[in-house]
Amino acid sequence: MTETTRKKGLSRRTLLKGTAGLAGLAAGSGAITGFPYVMSADPKVLRYLGTAVNEGDDISKQCLKDTGIKIEYITATTDDVTKRVMTQPNSFDVLDTEYFSLKKLVPSGNILALDAKKIKEFDNITPVFTKGMTPGGKKIGNQGTAPWKVLYLEGKDSKKFATSATEFVTLIPTVYNADTLGIRPDLIKRPISSWAELLNPEFKGKASILNIPSIGIMDAAMVVEATGKYKYADKGNMTKEEIDLTMKVLTEAKKAGQFRAFWKDFNESVNLMAAGETVIQSMWSPAVTKVRSMGIPCTFQPLKEGYRSWASGFCVSKGVSGAKLEWAYEFVNWFLSGYAGAYLNRQGYYSAVLSTAKANMEPYEWAYWMEGKPAEKDIKAPDGALLEKAGAVRDGGSYEDRMGGVACWNAVMDENDYMVRKWNEFIAA
Amino acid sequence: MTTSDEILQEGSPGVTRGSPARASLRPRLSPSVISWLQAGPMMLVFLAFFLIPLVFVLIVSFWDYNEYQLLPAFSGRGYTDTFEGCIDKLPELCTIGRTYLMTLKLCFMVWAITLFIGFWVAYFLAFHVKSKTWQMGLSLLCTIPFWTSNVIRMIAWIPLLGRNGLVNSGLVKTGLINHPVEWLLFSEFSVVLALVHLFTFFMVVPIFNSMVRIDKSLIEAAYDAGASGFQTLVNVIIPLAKPGIVIGSIFVITIVMGDFITIGVMGGQQIAAAGKIIETRVNALQFPAAAANAVILLVITFLIITMMSRIVDIKKEL
Chain W
1 MTETTRKKGL
11 SRRTLLKGTA
21 GLAGLAAGSG
31 AITGFPYVMS
41 ADPKVLRYLG
51 TAVNEGDDIS
61 KQCLKDTGIK
71 IEYITATTDD
81 VTKRVMTQPN
91 SFDVLDTEYF
101 SLKKLVPSGN
111 ILALDAKKIK
121 EFDNITPVFT
131 KGMTPGGKKI
141 GNQGTAPWKV
151 LYLEGKDSKK
161 FATSATEFVT
171 LIPTVYNADT
181 LGIRPDLIKR
191 PISSWAELLN
201 PEFKGKASIL
211 NIPSIGIMDA
221 AMVVEATGKY
231 KYADKGNMTK
241 EEIDLTMKVL
251 TEAKKAGQFR
261 AFWKDFNESV
271 NLMAAGETVI
281 QSMWSPAVTK
291 VRSMGIPCTF
301 QPLKEGYRSW
311 ASGFCVSKGV
321 SGAKLEWAYE
331 FVNWFLSGYA
341 GAYLNRQGYY
351 SAVLSTAKAN
361 MEPYEWAYWM
371 EGKPAEKDIK
381 APDGALLEKA
391 GAVRDGGSYE
401 DRMGGVACWN
411 AVMDENDYMV
421 RKWNEFIAA
Chain L
1 MTTSDEILQE
11 GSPGVTRGSP
21 ARASLRPRLS
31 PSVISWLQAG
41 PMMLVFLAFF
51 LIPLVFVLIV
61 SFWDYNEYQL
71 LPAFSGRGYT
81 DTFEGCIDKL
91 PELCTIGRTY
101 LMTLKLCFMV
111 WAITLFIGFW
121 VAYFLAFHVK
131 SKTWQMGLSL
141 LCTIPFWTSN
151 VIRMIAWIPL
161 LGRNGLVNSG
171 LVKTGLINHP
181 VEWLLFSEFS
191 VVLALVHLFT
201 FFMVVPIFNS
211 MVRIDKSLIE
221 AAYDAGASGF
231 QTLVNVIIPL
241 AKPGIVIGSI
251 FVITIVMGDF
261 ITIGVMGGQQ
271 IAAAGKIIET
281 RVNALQFPAA
291 AANAVILLVI
301 TFLIITMMSR
311 IVDIKKEL
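Going down the list, the protein sequences come from chains W and L.
To convert, note that position 19 of the first sequence is 19 in my numbering; the numbers rise steadily by one, no gaps.
To convert, note that position 149 of the second sequence is 149 in my numbering; the numbers rise steadily by one, no gaps.
Take these hints with a grain of salt, some might be off.
[To be verified] Below, a list of computed lysine-lysine pairs in the PhoX-like style, where the Cα atoms sit at most 20 Å apart:
#1 W:Lys248 x L:Lys89
#2 W:Lys255 x L:Lys105
#3 W:Lys231 x W:Lys304
#4 L:Lys132 x L:Lys216
[What the hints assert, rightly or not] Quick list of simulated restraints, FRET-style, between CB atoms:
#5 W:Lys61 x L:Ser149: 23 to 33 Å
#6 L:Thr133 x W:Asp186: 49 to 59 Å
#7 L:Leu298 x W:Gln88: 24 to 34 Å
#8 L:Ile261 x W:Lys61: 25 to 35 Å
#9 L:Ile261 x W:Gln88: 18 to 28 Å
#10 L:Pro72 x W:Gln88: 12 to 22 Å
#11 W:Glu415 x L:Leu298: 48 to 58 Å
Note that these hints are calculated values from the structure, not bench results.
Model, not experiment: these values are computed from the prediction.
All residues carry an ideal CB built from backbone N, CA and C; glycine is no exception.
Pulled out of the complex, with its shape left as it was, chain L reads as follows (with noise of 0.2 Å):
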């Protein structure tokens, strides 16, 4: 802050001298001032937006229901009924636990998966592909996924993994395999596929913009002193790139954790998800409900959030 202050100070007397006349038209605004204008805007949208419509479904969701209505009045029910059967169940999940579990599962292998993948094109791109030309134009590349629908995009599976689907009639044409195999489409693998496919891209970004920063003399000087390229990489490019990492995983697991419309539509509607409990109580108009899972969702993230910035303290790092 006192940079920017000091600078904002020095600059405006050259100002004055070139033009004084308009100059003394300009009302001063204090540096406290301008830097709450630069944020403020910022902050109103997330206050009108984000604060405020969370702390209504927080409220909302220690309300009660009926079938066609919101009742103002304070009820656990929400919450009770989505941990029905959580303890006298034992030792088998409820309802909520085995969805969170299967949640976290894909969770977990998607931000794995993308993770590995997206570390690898961050470092070709930043590493092996030496002009900015280039690097901005694969990056681009990556960015194919997203120029189609999520529906299109959704429907295309089919022909491609489908039991008549180009995959398996080229694995039973070569003999691999004498039948369709069928868990290539709405199984748990079909559903990593297609996060994967949609989600490695915010990974490799925040990675690829780790990297690129990291000066090379470094790297160079780790190589004069002997290191290997693996000792290279695991002692030096990957504690630096560690922020990137982080925000990466940020992005994959908070997208993952919500999802129901990819889960729902590769999985066949057959696969649970967080999200997708949500939004079955949505349609049937229990919005309290609904509210409930909401903040059960959103403590889960975060917690899973703040494990990760423990490892990493992305504001030291930035």
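Next up, chain W with everything else stripped away, as it sits in the complex (with noise of 0.2 Å):
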């Protein structure tokens, strides 16, 4: 602003009168919009939105450590963290969310893409992101809101995602997983290897999937083509006939009083299959270890069609800038530089850059977690709780067999409304 006013040739007195009143402005629209500490030196401070899943007293404190950067959590369910984005978009500035709300988030245009150039181990990302496989070589399922059909956009303000690899990114992977179904083998009592046996009546009353309408649906897609009744072009965006067919199976196995209840919440899972209120349901990694560590018996049971997926990463409000925003890309660098990951992969999660996470762990962690080889040691938690005790195998193996096995990837289909109408129908019903 001042070259341009100096070139206009004006007096030096106007120059400063001008500079002084938009140094003015500028303060008073700081004070409005608020952002009083981007002004200050105090100490950096991120607001991080997100759902529990990344967040932990370690991460944040082990943050402030190495960076000076503190973090303040917010933290909110997979929904409410999306609405906050959509209206509140100055209520934080790093989010935490998965790959699937991208849909959602990009087109409203309250995040800011990040570049990719200033991500220091981008390179280095597992290339289940960036090429949709293992590092193995395996082709992973690219049904669904797949990470790497939403990974990059056209340009700096574009809403469009790019089909191939740009410097604009739009999410920063952090973690990811394999879900399947989790089932008590003990009262079970037979071996468990297909979808389809969720909706099998002999575990009436006894079923349980999630209680999210996108996820719902999907896995009950994955049991109509495991019975062999349909094959979908895409699980992850069916059309209206799809939707009303996957819908019509779900309503009967309703009906039927298949479901014990449905689940939304990390604690209720774990409580209804500790319980033995349900002996077979969809789960996440972290819940079955929990019921585990009860000691009641409970398998993330791989199942011969593969596993639903999902991914969640790091992006930054549209509102941040500045320093703030230097902040930020060295809060998401620190979080690939090994730490964090080794403290997701020792939940039973997946951290995006292997390299870094794998120097953070000791050799037989890396082996049990990763490798899927029988443990060597007991296997802790990383408030050192006892997980597994020394000879336990991951469930499902290697990270190799599991991330190979997906088959598809949470997602938001693009007849979206009507199956949350579809939705409330089989609740109705």
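Using the hints, put the two standalone chains together into the complex.
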């Protein structure tokens, strides 16, 4: 601004007045939009909005120690996180969200494209995200909102996803996993190998699915395909007819009393399984671990039709700029530098940059969690709690086997509105 | 209004006499200004946090939307989608019809049970407990269900009513049943049980309040005139407790009509509720559709309350 004013040949005095006015305006607007700490030399603070998956006191403490950045967690459910990005984009700096939300978040224009060149480990991010294949070269299923479909934008302010790699990244991946059914082997007493078992009348009143319509319907689609009733072009993006068909299957199961309850919350899923209310249900890996740590047998059962996967990462609010944006990059870089990755791996999730996480884990831990080998020593959680005794093998085996077995990804469908209406009809049936 | 005005006017000369110097300094407020000041704060809160948001809800319910934003253009989509299939599916009920039928059914059951239990608890507190201290202490006991958070209460039901819970294992051990019964949890039964457990208190308080104000001499008069206990109850106590009954009923009905958390958790998320439709819509960021459903819920609840206040004129009774 000063440069252009000078070119126009104004006197020094006018220039000074102008700059003072501008400074005043800047100070004023800063106060109005509510970013007082950008101006001050206070400790570096980032407001971190996300679900509880990546959030941990250990992570924020270590981050403060290593980088001087203080993380303030704002915890909400997946749906509420998305709602908040839409309605209050200035209420957070860093956003931790899932790839499937991007189909809603990016068109809203409330998130900032990140510069891949500023992410130190970007080239070391697992090819699961960038190429859709495992490090070992196994091709990963691309149904649903697979990360590589929404990883790049066409330009800095573009609202369109690029089909090939660009330097503008929507979401820097941090954590992901392959989900399947959790079962109680002690109560089922026979091998389970197919998604079809979820709706098997043998488990009437003892099955459960996730009470999130977009995910619940995909689990049902896995069942439909497993029974050979129908083959979807894309389970994560159904046509209206396919939604009707899948909902009909679910409705019939519900009317027959197949489901004990639907769960929405991590602890709910643990309680249902631990209390024996359910013996087979869609589940998350750490929930299975939690049930097992209560001394109750529970298996995260690999199934022949494959896994339903999800992935989340960091993006930054459109309202962040200047020094704060640099801190955000610093934080993301720190997150990928190993400590956090190892922490997540030890919980049974997977970290985005494998090499740095490996450097922060003991070889026996890496062998158990990532290579599917029997544990040489007792396996402990990040908080020191005993998870598995020596000799145990991870359900589903190695990273290659589990991620290579992914069939589809959590998704938002084009016909989402129709699907939600059908879901309400299903609940009322 | 006139009586309170007179009291104020009568009251002020006394104050003037007591401290003439101070009174002359104090600006005199007209009684109508005072009553506005008294009612004003509540009115402003009501306006800012209820009426204005309500108007917004009404406006938004007629907007259009897409996956990620509201489109401020007139559209009846929120409403037409909600009533989808209501005519062409006949005689089968459409989604919204089924949902409201279920909500009303739960509402009626909870209302009837809380009224029955609440009435007798209030009766006991008002007529059998003589000391004021005991009355206070016992009514505080009724608030125990509110001492824990909603989430904890919900989780606590599983060990009690679950398949391997206390009730089932007790029944199996005594030989009353051979297999654990499933309908104790995640069923209409458990929903009604949890709601009754929570909201009976809202019946007890207003009914108790009406009952303690009944002049005891009226009951003695009924007794002297030879009325039986039952006749006294039906002809004296119930009519005089009516305002409390109606107010308690309004509390319970409005809460249950809008509830989706308790119904969701206790019903295993498989029981439809008017509030749940709104929640699902909001979670999918379909705000206009959610707003339309909220307006429908509001209208139906309002109709129920209007019907109830037709039965008893609360204003007159109070």
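Here's how the hints hold up against the structure:
1. W:Lys248 x L:Lys89: With a Cα-Cα distance of about 16 Å, the restraint between Lys248 of chain W and Lys89 of chain L holds, given a limit of 20 Å.
2. W:Lys255 x L:Lys105: Distance of about 19 Å is within 20 Å: holds.
3. W:Lys231 x W:Lys304: Within the cut-off at roughly 15 Å; holds.
4. L:Lys132 x L:Lys216: holds (15 Å)
5. W:Lys61 x L:Ser149: 23 to 33 Å: holds (28 Å)
6. L:Thr133 x W:Asp186: 49 to 59 Å: holds (55 Å)
7. L:Leu298 x W:Gln88: 24 to 34 Å: holds (25 Å)
8. L:Ile261 x W:Lys61: 25 to 35 Å: 34 Å Cβ-Cβ, so the 25 to 35 Å window holds.
9. L:Ile261 x W:Gln88: 18 to 28 Å: holds (23 Å)
10. L:Pro72 x W:Gln88: 12 to 22 Å: holds (19 Å)
11. W:Glu415 x L:Leu298: 48 to 58 Å: Violated: the Cβ-Cβ distance is about 29 Å, outside 48 to 58 Å.
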